[in-house]
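Dock chain X against the given chain Z, drawing on the hints supplied.
Residues per chain, in single letters:
There are 2 protein chains.
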Amino acid sequence: MLIIGEKLSIIAKRVREAMLKRDKGPIQEIAKAQWDAGARMIDANIGPAEDGGEELMQWMVRAIQEAVPSPVCLDTTNAKAIEAGLQVHDNQWGRPLINSTSNDPERFPILELAAKYNSQIIGLTVGKGGLPADAEERCAIAAEIMARAMEYGVPLEDLYLDPLVLQIATSQDHALHVIKAIRMFQELNDPPMKTVVGLSNISNGCPRHVRPIINKHYFALLMYNGLTSAIADAAEMGEVAKTIDIITGKTLYAHSYLEM
Amino acid sequence: MLIIGEKLSIIAKRVREAMLKRDKGPIQEIAKAQWDAGARMIDANIGPAEDGGEELMQWMVRAIQEAVPSPVCLDTTNAKAIEAGLQVHDNQWGRPLINSTSNDPERFPILELAAKYNSQIIGLTVGKGGLPADAEERCAIAAEIMARAMEYGVPLEDLYLDPLVLQIATSQDHALHVIKAIRMFQELNDPPMKTVVGLSNISNGCPRHVRPIINKHYFALLMYNGLTSAIADAAEMGEVAKTIDIITGKTLYAHSYLEM
Chain Z
656 MLIIGEKLSI IAKRVREAML KRDKGPIQEI AKAQWDAGAR MIDANIGPAE
706 DGGEELMQWM VRAIQEAVPS PVCLDTTNAK AIEAGLQVHD NQWGRPLINS
756 TSNDPERFPI LELAAKYNSQ IIGLTVGKGG LPADAEERCA IAAEIMARAM
806 EYGVPLEDLY LDPLVLQIAT SQDHALHVIK AIRMFQELND PPMKTVVGLS
856 NISNGCPRHV RPIINKHYFA LLMYNGLTSA IADAAEMGEV AKTIDIITGK
906 TLYAHSYLEM
Chain X
656 MLIIGEKLSI IAKRVREAML KRDKGPIQEI AKAQWDAGAR MIDANIGPAE
706 DGGEELMQWM VRAIQEAVPS PVCLDTTNAK AIEAGLQVHD NQWGRPLINS
756 TSNDPERFPI LELAAKYNSQ IIGLTVGKGG LPADAEERCA IAAEIMARAM
806 EYGVPLEDLY LDPLVLQIAT SQDHALHVIK AIRMFQELND PPMKTVVGLS
856 NISNGCPRHV RPIINKHYFA LLMYNGLTSA IADAAEMGEV AKTIDIITGK
906 TLYAHSYLEM
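As given, the protein sequences belong to chains Z and X, one line each in that order. Start counting at 1 in the first sequence, then tack on 655, and there's your number in my numbering. Start counting at 1 in the second sequence, then tack on 655, and there's your number in my numbering.
Read the hints as simulated data drawn from the structure, not as lab findings. Take every hint as true, because none was put in to throw you off.
Where chains are identical, the list cannot tell them apart; a pair therefore holds if satisfied intra-copy or between any two copies.
In silico DSS-like pairs for lysine-lysine, Cα to Cα no more than 30 Å straight-line:
#1 Lys783 with Lys735
#2 Lys668 with Lys735
#3 Lys679 with Lys668
Note that this is a predicted model, so its numbers are computed, not measured.
Only chain Z is shown next, with the shape it has when bound in the complex (with noise of 0.2 Å):
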C-alpha cells in the first residue's frame, strides 16, 4: 500500500499562508511528518494557482524534496503548473505521479505530459457530464481513459485508477459503488491496473470526531478489495495499513509490527 502524504493542500489555513509566503518551513515539516508515519509519496495541492502556478509548483517540489527523500504527486487542475513541476521533480527518489486526467476532453492534453516526462498519473473516472452513477460507469470511463493513455502513449502501468470517492454524508450509496469499482479496476487489465482513492473525501462534511473513524474502516475495506495507494494521512492510516497486511497475510506478524 503506498500512501500519498495528504496534508500539504492549499485548502489547510497553514499550508495556504505558507504557500502564500514561500516559507518552506512548515511545508517541510508537515512533508517530513508523513513521511516519518510512512508516506513513501507527499501531495502537494495548489489548487487551481491560475495565476503564478507554474512558480509555486516548482518551489514547492523543491521544497518537499529537500526534506525528504520522496516523490511528488503534482496535485492541480493548471497544465502548466504540472509541466514546470515535472521539469524540477527530482526522480532519483522515484518518479512523480500526476493528479490528474479523466474522461473530459479538457483533461486529455495532460498525457502528453506523462509521456513527455515519463511520469506516471492518476486517470480520474469522471467525464465532462457530470458524475458516474455507479461502479459499472466507472469501469466504462476507466477503459476510455485506459484506450486514451495508450494513444498518447502511456503505459497502462504508469496509469492508477482513481474511482472518485463521494462524500458518504450525501452520497451513501458510493461508498459501495467505490468499493465494487475498486475490484473491478484491477480486472481491466493484467497485471491488474493500479488504483488510487482521495480517501478522506468520504467524510467530508462529516463531525469533526466522527472522520476519523469512517476514513479508517473505509480505508481497511478499500484496502480489503485490493487498492493500491490512497492520497490519505499517514499518521492516521499507517495503523490500518499494517494491520490489514498482517490479516490478509502481506506481511509477517511480528508483536511490534505497528512499529515497524
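Relative to the frame of chain Z, chain X by itself:
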C-alpha cells in the same frame, strides 16, 4: 449485527471472584455496561464447571436477566449446566443460545437440549481430530453439523456456524481462512446460514495495546463479508459495527449515527 457481550468470563479475575462468592454486583454491572454499549445478548462463560456447574449457571442466568432485558448465551462444556441454565432462562427477552455443539460425537447430545428447550445453538466447525486446515474443511464440517442438527430436530435457522477464530500471532493464515469460511457458510443454505465468531481470539497472545486494533479491523472485515453475530466487547466494537453498517448502506447515514 448481533453483539453477544463477552465480558462475563470465568477467565477474568474479577468475574471469577464474583462467581465464587455469588456476588451479583460485578456480574450485573458488567452485563449492564455491555447492554448499554449495544450488546443484545450476554455471554455467560463459566468454563468447564465440573463441580456445581448447574447451580452456577442458573445463578448467572438469573443475575444477568435481573439486570438487563437480554437473552443469555450459555457458554460451558458442561451439558448439565447448560440444561440447568435453559430451565431458568426467561425467554420473554429472546431465546437463549447454547455455546456450543461441534462435530465431536461427545458434543452431539447438546443438540438434544436445543431441540428440547427450543434454544438456538452454536455449531463450532471442529471435529474430534484437531483443528480444521482451511475454509473448505470448515465448510465440510459445517455440513456435517447441519445434517446432525436436522436429525436432532433443530431448525437450521437456529444454528449459528462458528468457524473457530485462531490467534493471529501463531496461526496467521487462518485469519483469511476464517473470513472465507464466513462467506462460504452463507452459501450452505437458503436463507443463508447464521454465523458467529469468538472475536477476541484473533488477538490472543498479542501485546495489550495491539489487541483492540486487530480486533476492530478483523471485525470490520468479517462484517463486510456477512458475519451475523460476534461474541465481543460491545464497548469496543459498537463503533465499528455502526460504521460498517453505514458504509455498506445497512443503516442510513446521520451525523449522529455513532450515538444511535
